[in-house]
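J.: Residue numbers for the sequence shown follow UniProt numbering, beginning at 1 and rising by one.
Hints may be right or wrong, so weigh each one.
[What the hints assert, rightly or not] What follows is a set of in silico ranges between Cβ atoms, one per label pair, in the way DEER data are often shown:
#: 1; residue 1: Arg-269; residue 2: Asp-303; range: 31 to 39 Å
#: 2; residue 1: Ile-35; residue 2: Pro-346; range: 41 to 49 Å
#: 3; residue 1: Ser-363; residue 2: Pro-168; range: 30 to 38 Å
#: 4; residue 1: Asn-70; residue 2: Ser-363; range: 40 to 48 Å
Worth flagging that the hints you see were computed from the coordinates, not collected in a lab.
Virtual Cβ for every residue (Gly too), placed ideally from N, Cα, C.
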Amino acid sequence: MSGRPRTTSFAEGSKSVRKTFENQPPKPPLGGVKISSKDGSKVTTVVATPGQGPDRPQEVSYADMKLIGNGSFGVVYQAKLCDTGELIAIKKVLQDKRFKNRELQIMRRLEHCNIMAVPEAVTCSLLNAMQPKDVAKDEVYLNLVLEYIPETVYKVARHYSKDEQTIPISFIKLYMYQLFRSLAYIHSLGICHRDIKPQNLLLDPKSGVLKLCDFGSAKHLVRGEPNVSYICSRYYRAPELIFGAIDYTTKIGVDQLVEIIKVLGTPTREQIREMNPNYTEFKFPQIKSHPWAKVFRACTPPDAIALVSRLLEYTPGARLSPLQACTHAFFDELREAGARLPNGRPLPPLFNFTDYELSVQPSLNDLLKPREAAKEHDAQGVYAHYTILRFFAFYMKAREFFFSFVPFWSMMFSLSCGMTPCCYRNL
Numbered sequence: 001m002s003g004r005p006r007t008t009s010f011a012e013g014s015k016s017v018r019k020t021f022e023n024q025p026p027k028p029p030l031g032g033v034k035i036s037s038k039d040g041s042k043v044t045t046v047v048a049t050p051g052q053g054p055d056r057p058q059e060v061s062y063a064d065m066k067l068i069g070n071g072s073f074g075v076v077y078q079a080k081l082c083d084t085g086e087l088i089a090i091k092k093v094l095q096d097k098r099f100k101n102r103e104l105q106i107m108r109r110l111e112h113c114n115i116m117a118v119p120e121a122v123t124c125s126l127l128n129a130m131q132p133k134d135v136a137k138d139e140v141y142l143n144l145v146l147e148y149i150p151e152t153v154y155k156v157a158r159h160y161s162k163d164e165q166t167i168p169i170s171f172i173k174l175y176m177y178q179l180f181r182s183l184a185y186i187h188s189l190g191i192c193h194r195d196i197k198p199q200n201l202l203l204d205p206k207s208g209v210l211k212l213c214d215f216g217s218a219k220h221l222v223r224g225e226p227n228v229s230y231i232c233s234r235y236y237r238a239p240e241l242i243f244g245a246i247d248y249t250t251k252i253g254v255d256q257l258v259e260i261i262k263v264l265g266t267p268t269r270e271q272i273r274e275m276n277p278n279y280t281e282f283k284f285p286q287i288k289s290h291p292w293a294k295v296f297r298a299c300t301p302p303d304a305i306a307l308v309s310r311l312l313e314y315t316p317g318a319r320l321s322p323l324q325a326c327t328h329a330f331f332d333e334l335r336e337a338g339a340r341l342p343n344g345r346p347l348p349p350l351f352n353f354t355d356y357e358l359s360v361q362p363s364l365n366d367l368l369k370p371r372e373a374a375k376e377h378d379a380q381g382v383y384a385h386y387t388i389l390r391f392f393a394f395y396m397k398a399r400e401f402f403f404s405f406v407p408f409w410s411m412m413f414s415l416s417c418g419m420t421p422c423c424y425r426n427l
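Using the sequences provided together with the hints, build the complete structure.
T.: See below:
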């Protein structure tokens, strides 16, 4: 696959194709799944329709499938596309009738270099080779076929922990910057991920690219519309969710980045009111906040502590937005000219902001630029002003000469252009 990452999804079951996501009518079955053999490997072929563009049936064939992960909401397989030989990941999720599944609906709206995307959708009506034998025949599964990215932030952190080492600060800057950028994008669309955790941050160790995945808990938040508070993985819940808030905002996506309650101490009554007004009269035990110097290692850069302190706020409105976080001094190293990965390779694209991204908070655009680009932009601006001034000076001298020696022709030129002499003199 070339260009934009190819990602496919399809729902499966033994009955007619069902509604796979809210507000989407069911599509007719397209022939289901075919099982064949090629070079001794079992090949699964799914007849599908694209998720975007014309609904023209197409086939997706994959082989060498194996289980690589599972969770409370589904399982993930690795497979290989037969036409290109490229590895893919297939996320298989049971479509529970009791809950709305917005994952496919939301992912179809997203197009960002730090987010898994869905340019195609596949719907089939039969069980395929992944179907467990003990599953009821009328159950429907949604399958998301994604590009395969081998690592996660969770795995990388565990690797360093087992070796009794810390992740290099340059990697932390690289990963966190890309996470903030992805959050800034989805928050600008009113979408809240609601399950930010290291396991959902995919990493390509060679390029250093981070991508946010798993939008199974994501939701488009609407002001005034209640939301469930029992959401997000336990250790990464924002404080307002712990307080049972149902009218929260995308700000919960920022505060999920770190475990917070232990260090912030008891919130004030005003802070509690901001999180959930129903708890303002409740008497909480008074716990003092821990000084940041005692929370982090002595070698932690001051800029890192300053950034965390701006993110870990009880009051949602007091937290930095993801885009504001991208402009923080902690990430200045990434904006330096010639910045590279610790292994000497170039950084992945970090500043290829789209016009849409730059329209979210235009006042921050100059701060988001890498320093070399900013200097070049400033130099171009100075040169442009200098050029304009020189041209203006030349024009004034020429104008003075023109009107001094050939006033008649100047008047005729003005009239021939449809202007009166006074208009021309005022140019």
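J.: For every hint, state whether the structure bears it out.
T.: Status of the hints after comparison with the structure:
1. Arg-269 <-> Asp-303: 31 to 39 Å: holds (32 Å)
2. Ile-35 <-> Pro-346: 41 to 49 Å: holds (43 Å)
3. Ser-363 <-> Pro-168: 30 to 38 Å: Given about 32 Å between the Cβ atoms, the range holds.
4. Asn-70 <-> Ser-363: 40 to 48 Å: Check passed, 44 Å falls within 40 to 48 Å.
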